[in-house]
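*Asks:* The chain contents come next:
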Amino acid sequence: MPVKEFTLPDVGEGVAEGELVTWLVAPGDRVEEDQPVAEVETDKALVEVPSRYDGVVEELFAEEGEIVPVGDVIISFRVDEDGEDADSGTSEEPAESGESGEADADSDGDTAAEPDGEPADEPDGDVPSGRTFAPPSVRRLARELGIDIAALDGSGPGGRISEADVRAHAEDDASEPRPAPADIGSGDRKSAVSKRDASGDDADSSAAATMPDAAEPAAAVEPAGRETTLATPATRKLARDLNVDIDDVPTDETRDGEAFVADEAVQAYADALEGSVDAESAPADTVAVSDSGASESVDETVPYRGVRRTIGKQMERSKYTAPHVSHHDTAEVDALVEARERLKPKAEAAGVKLTYMPFVMKAIVAGLKEYPYLNSELREDEEEIVLKGEYNLGIAVATDAGLLVPVVENVDEKGLFELAAEVRDLASRARDRKLKPAEMKGSTFSITNFGAIGGEYATPIINYPETAILGLGAIEERPVVRDGEVVAAPTLPLSLSIDHRVIDGAVAAEFANTVMEHLEHPLLLLTQ
Amino acid sequence: MVVGDIATGTEVLVIGAGPGGYVAAIRAAQKGLDTTLVEKDAYGGACLNRGCIPSKALITGSGLAHEAGNAEFMGVHADPAVDMGQMIEWKDGVVDQLTGGVEKLCKANGVNLVEGTASFVDDRTVRVAHGGAGQGSESIEFEHAIVSTGSQPIQIPGFEFAADHIWSSADALDAETVPDRLGIVGGGYIGMELATTYAKLGAEVTVVEMLDDILDPYEDDVKRIVRKRAEELGVEFHFGEGASGWSEGADGGYLLQTETEEGEESTYGVDKILVAVGRQPVTDGLDVENAGIETDDRGFIETDDRTRTAVEHIHAVGDVAGDPMLAHAASKEGIVAAEVIAGEPAALDQQAIPAAVFTDPEIGTVGMTESEADDAGFDPVVGQMPFNASGRAMTTGHTDGFVRLVADEETGFVLGGQIVGPEASELIAEVTLAIEMGATIEDVAATVHTHPTLAEAVMEAAENAQGQAIHTLNR
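Taken in order, these protein sequences are the chains called A and B. As numbered in our numbering, residues 1 to 528 make up the first sequence, in order. As numbered in our numbering, residues 1 to 475 make up the second sequence, in order.
No lab work stands behind these hints, which were simulated from the structure alone. Worth double-checking, as some hints may not be accurate.
[To be verified] The calculated lysine to any residue pairs, modelled on SDA-like cross-linking and capped at a C-alpha distance of 20 angstroms, are:
{"no.": "1", "chain 1": "B", "residue 1": "Lys-31", "chain 2": "A", "residue 2": "Leu-141"}
{"no.": "2", "chain 1": "B", "residue 1": "Lys-56", "chain 2": "B", "residue 2": "Trp-90"}
{"no.": "3", "chain 1": "A", "residue 1": "Lys-369", "chain 2": "A", "residue 2": "Ile-462"}
{"no.": "4", "chain 1": "A", "residue 1": "Lys-388", "chain 2": "A", "residue 2": "Pro-465"}
{"no.": "5", "chain 1": "B", "residue 1": "Lys-31", "chain 2": "A", "residue 2": "Ser-137"}
{"no.": "6", "chain 1": "B", "residue 1": "Lys-31", "chain 2": "A", "residue 2": "Arg-140"}
{"no.": "7", "chain 1": "B", "residue 1": "Lys-31", "chain 2": "A", "residue 2": "Arg-143"}
{"no.": "8", "chain 1": "B", "residue 1": "Lys-40", "chain 2": "B", "residue 2": "Gly-100"}
{"no.": "9", "chain 1": "B", "residue 1": "Lys-31", "chain 2": "A", "residue 2": "Glu-144"}
{"no.": "10", "chain 1": "A", "residue 1": "Lys-369", "chain 2": "A", "residue 2": "Gly-505"}
I would like the entire structure built from these sequences, with the hints used as guidance.
*Replies:* This is the structure:
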């Protein structure tokens with residue numbers, strides 16, 4: 001039975017690594033093709049990685065909580081063979097099995113050459129006999145990257161292969177076992193929020209790459225905890241320099257019946273400790289190696305990776321690209337509160353929990369229709385502003401992992417109940433991190449409902465490349481002035497941030513007025 | 001170990017300083033490898049000393065004389081006299097300059113030069129015998145070796161080379177006088193280049209060829225143009241006849257005897273006999289078997305696409321490594337060998353190796369012919385431009401020939417080109433670049449070419465392949 005290795009597949013555009021959250025199988029387990037074997041968290045989604053083989057799990061190469069670079073082997077399977085006696089591993093071949101023996105050798109050869117078992121070097125039949133349509137420099141690059149150029153489809157005229165084609169193929173090769181994409185659990189492999197610059201990840205991924213190695217010494221890192229230890233003064237000094245308690249260094253050697261420790265053992269122990277510290281990215285409970293007089297830092301280091309870093313990059317890009325202006329106003333929403341109260345039983349009967357969000361979404365669409373520049377995208381390079389034809393609203397959702405923004409598409413075409421149900425579904429799956437990357441793409445305007453937690457006003461950051469975002473405060477009774485009297489009335493504080501490159505303050509205010517008008521007179525929503 | 005044997009060591013040992021070997025040695029040295037180049041005879045190899053360069057010198061000289069004497073139609077009246085001795089001297093000067101340059105380049109790049117004849121002791125050692133008795137020898141231990149010992153003219157039984165009457169091509173390039181009658185055995189490219197040269201120098205040239213036409217691998221319409229022109233120059237062809245012997249003639253010359261397959265015999269009176277029936281690899285005395293390398297039944301050393309022999313750290317490049325036996329192929333192989341040894345991802349991945357024949361008119365070819373493309377599974381489309389429709393060709397007085405391009409109909413990729421005509425050896429370079437770059441026929445057609453030049457014909461041929469040539473009728 002051949003052993004097949006399986007690498008962490010590319011789960012989204014630009015995603016260079018993922019955290020292996022949970023193993024769903026253990027060595028010795030039988031798996032079937034497409035059965036999920038692990039949960040991996042990448043930029044913005046928690047995805048299940050399915051097996052590509054029928055067989056038995058041979059070995060797991062990553063630990064739970066480990067950050068694994070895309071393309072690294074995470075698991076190997078002992079794979080069933082079709083029609084062959086899978087267990088005939090004896091050296092004595094029956095005489096008549098010469099042919100099947102050859103087939104064995106062949107399939108082994110394939111395994112060695114092409115881990116995913118794809119006959120990649122089979123020319124497509126497009127280019128007959130031996131000609132390659134690529135410039136010499138590109139052919140050399142292909143050799144450098146270990147790519148069989150005959151297996152590539154070029155993107156140039158007539159299928160000419162360019163340097164970019166070769167590099168793209170190299171990245172594919174490293175990251176995904178063909179034909180994998182459909183297996184990832186979502187139809188769309190594009191990353192949810194942004195392309196991430198892979199260059200910044202090198203340090204991280206190389207650290208992660210060493211982790212399987214570090215795991216072994218980490219097992220031997222158990223402090224020996226002796227009472228006394230024999231060692232030369234030089235070795236004791238080395239131990240001090242490396243912050244290692246010499247009584248903790250494991251050793252097999254003895255002198256006069258006492259444990260004896262040599263320089264090498266000290267160094268190995270120190271390295272092992274270091275390895276296990278390095279390997280420790282998330283759980284902090286095993287870091288307690290530095291008892292023996294190491295620095296006692298009170299700071300906790302948390303990896304800036306995955307969702308956190310994606311959010312960071314996205315915020316940075318937005319805030320440093322688009323000059324933000326925030327506009328604040330307050331809607332008096334007596335009528336909205338009443339409308340919702342009256343619709344609630346109807347909604348419950350329909351199995352829907354009606355919040356204020358669908359009303360706000362509808363009001364926003366009313367505003368966007370009137371002021372399309374708030375539903376646009378600035379394409380600086382093309383020197384054009386694209387006014388979007390769809391009203392797809394991103395709804396910011398706070399999750400344990402951080403901010404996620406699932407998208408409700410075509411809000412203008414949906415009813416209140418439908419929107420309520422959809423928002424609820426997306427938000428709950430966002431919290432479970434079960435969103436598909438595709439469900440976090442394509443928004444044209446975003447809403448952030450920080451009021452759900454508390455607060456009145458904020459200065460939201462635009463979900464770039466959108467041009468505006470509306471923040472909602474909490475709907476509460478606040479003092480308002482009516483007919484010269486200060487009275488208590490339910491109000492909704494609004495915080496609108498706009499990209500001042502595209503939208504001027506006056507337009508922002510007019511948009512806010514339209515939204516407020518629709519919130520204060522919900523009957524107007526019927527016109528939408 | 002023999003007396004006087006000095007042992008030295010080198011990272012890269014190159015045997016033979018021809019266009020494969022000296023290029024390999026220089027590139028290896030450029031890559032920081034300690035490189036030793038062994039040459040037994042003359043830097044530059046057959047190409048510089050006895051082949052490409054001297055023949056081109058004589059072809060130019062004879063062509064110039066012939067042209068000057070045959071330009072009455074332009075109003076030029078002249079009867080040039082050729083001082084053959086002086087032409088040879090000039091040719092030797094060119095050769096000396098080039099071979100001296102090779103030596104200087106090797107030294108300037110830090111290549112250790114060793115003169116002598118190398119033979120393998122084992123797969124890590126060669127012994128180099130220095131020229132002449134009592135000159136001693138030395139053993140050189142190497143980490144990598146590049147065999148580039150080249151080739152030499154094939155002798156046929158009964159026609160052992162003897163400079164006074166049985167010439168090899170090297171002798172024909174060193175003759176101080178032009179024989180009145182020159183018999184040439186072999187109508188391949190060497191025989192045809194020299195037939196043209198000597199015919200222009202005034203010799204009566206007779207070519208005997210076993211096959212039924214000259215220039216065996218070329219297409220019929222290419223051969224026809226060259227043969228017709230040679231006949232105009234007075235060259236007499238006898239096809240289907242093999243040289244069977246010779247004897248001294250009554251007139252002080254020689255009688256060249258031939259025989260057809262059916263046994264019909266003929267005799268031609270000549271003053272010199274040039275045997276040009278091909279070249280064979282030089283491995284005599286090299287003792288490659290001591291290194292664990294075998295030669296094939298024709299004596300060539302087999303290599304892979306990284307120029308490695310069966311013994312991985314020993315490479316072979318150039319003529320000794322088999323076809324195509326062309327200097328530029330050898331140089332490419334030499335570069336690949338050196339870069340592979342330096343650990344780089346070099347390989348012989350060229351899509352085509354161009355070839356040129358310096359007959360009158362010249363032939364330049366690269367890549368596939370129409371039928372080869374067809375055999376390879378392409379759907380070939382062909383475009384052609386005759387030089388008699390080229391303004392520039394007319395102004396040179398040479399309008400024989402054509403440019404032909406072969407492309408794949410579906411993708412448009414240029415697959416090959418055949419050019420016969422003035423400067424075909426130069427013009428083929430453009431087609432070669434197109435092939436290597438993966439250019440389409442449209443790319444070539446859409447590239448603006450200088451007017452008025454012969455190179456425009458390449459563009460026109462590409463346009464013709466697209467059915468939209470301006471200066472010829474599109475068929």
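*Asks:* Take the hints in turn and mark each one as holding or not.
*Replies:* Results for each hint:
no. : hint                  : verdict
1   : B:Lys-31 x A:Leu-141  : holds (19 angstroms)
2   : B:Lys-56 x B:Trp-90   : holds (12 angstroms)
3   : A:Lys-369 x A:Ile-462 : holds (19 angstroms)
4   : A:Lys-388 x A:Pro-465 : holds (12 angstroms)
5   : B:Lys-31 x A:Ser-137  : holds (19 angstroms)
6   : B:Lys-31 x A:Arg-140  : holds (17 angstroms)
7   : B:Lys-31 x A:Arg-143  : holds (19 angstroms)
8   : B:Lys-40 x B:Gly-100  : holds (15 angstroms)
9   : B:Lys-31 x A:Glu-144  : holds (17 angstroms)
10  : A:Lys-369 x A:Gly-505 : holds (18 angstroms)
When held up to the earlier numbered hints, the structure conflicts with none and fits them all.
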